[in-house]
Amino acid sequence: MEQDINLKITDRDGVAHDVLAPTDMAMNLMEVVRSYELAPEGTIGICGGMAMCASCQCYVNSDHELPEMQDDEEAMLSEAFYVKDNSRLGCQIQITPELDGLEVELAPES
Amino acid sequence: MIKTDILIIGAGPTGLFTVFEAGLLKLKCHLIDALPQPGGQCSEIYPKKPIYDIPAYPEILAGDLTDKLLEQCKQFEPGFTLGERADTIEKQEDGSFIVTTNKGTKHHAPVVAIAGGLGSFEPRKPLIHNIVAFEDKGVEYMIKEPEMYRDKKVVIAGGGDSALDWSIFLSEIASEVTLIHRRNEFRGHLDSVEKVQELKNQGKINLITPAEVTGIVGDHHVKAVVVSQAEHIPREFEIECDHFVPLFGLSPKLGPIANWGLEIEKNAIKVNNALDYQTNIPGIFAIGDVNTYPGKLKLILCGFHEATLMCQAAYQIINPGKRYVLKYTTVAGVDGFDGSRKEAPKAVVKAIE
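Taken in order, these protein sequences are the chains called D and P.
Sequential numbering of the first sequence, starting at 1, is according to my numbering.
Sequential numbering of the second sequence, starting at 1, is according to my numbering.
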């Protein structure tokens, strides 16, 4: 379990969840949310994690250094709704030890 | 009334493979899909993306997988009702079903197989407070009848392929085309982006970026849209138009199927996975990503397996008590409904002198 990190994920109803996420399973943030069922199946990760649907959009509320946004994520967010300056697609954030303590909030379903 | 043996709702990979497996049992299939083309997510969301876990295909593009499945089931002559969403189901006295689409097309079958994936794809509506009031009164989320826009002023919003392609197409038909996008960059095929650039230079497309439509003006019909532009100094202005077409992609919704009296769990239909993937309503099956059971995995290859077992159960319903044993295609060949026959070549029996 030493490879696990702690995350605080606030769901779409505003409830905060402290969860443990493995860093050695090539998981991304969207998949962590799904594995804990923090959003109903079919409302998150619809495209499977290809940055093609924005159903895993979240707001990053801590000042962790995140992987740089790639073109496809930026393009998808430019077409998504409820986008804020701290919006990211969960599927593009890989779970790494550096993200320990990350705080995110799921964006509304659209 | 369209009559068939198995009515398949959803023309994605699982639905298409069902046609083949049913065909081997001499059962005919008809498919309904809300999208205008077969393939489901594979053709709508990621046709150019590779899939690596289709058995025997180390790598195949989602669009190519659709083509191969269509080719594989072709001799069983599936019928298609495309661009229509299955809305209602009525059980008949004899146990068969009538399924009616949102356009009123009726289908009659003894067995219904729901292979609906994540649901039917519905357009994503931008968050404009009064947009609903103008639906079908100048606001259209999909272009179905391009002639409607002849000599009209059209505003299109969006930054993907459909926004680009329709802007190009309508620039020949409409009197004025304005394309509005939140960024200067578009994501689409390079030739579409270049074509829009060319049309913009020729003055045939009015391009406004980075900007957003934030309101609609009109009494009973769209008269103008309110545009907020963010570059340099933020400003707001109106663009006169007859139609506003927001193209922000599609998102799947389980939709009317959720009201068919089926047991639903986690946005999916519960089925009996120990037996035949039947739902709580006898004669209605759910296969592929749309179903759920303990240990369910939403994989195309699992959908293929579920489709195969489901067809055996459908055979029993359609031909009660009739004998049947599983045949291998290598041994029995494949007899198409179109009269074609595929079979393994006979071994050569010849003496060596």
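Simulated from the structure, these hints should not be mistaken for laboratory data.
A hint or two may mislead.
[Stated by the list, open to error] Only pairs whose alpha carbons sit at most 16 angstroms apart, straight line, appear in this in silico EDC-like list of lysine to aspartate or glutamate: (1) P/270 / D/13; (2) P/298 / D/41; (3) P/296 / D/109; (4) P/48 / D/4; (5) D/84 / P/212; (6) P/125 / D/109; (7) P/296 / D/65.
Check: Which numbered hints are broken by the structure, listed smallest first?
Finding: Hints 1, 3, 4, 7 are the ones this structure does not satisfy, whereas the remaining hints hold.
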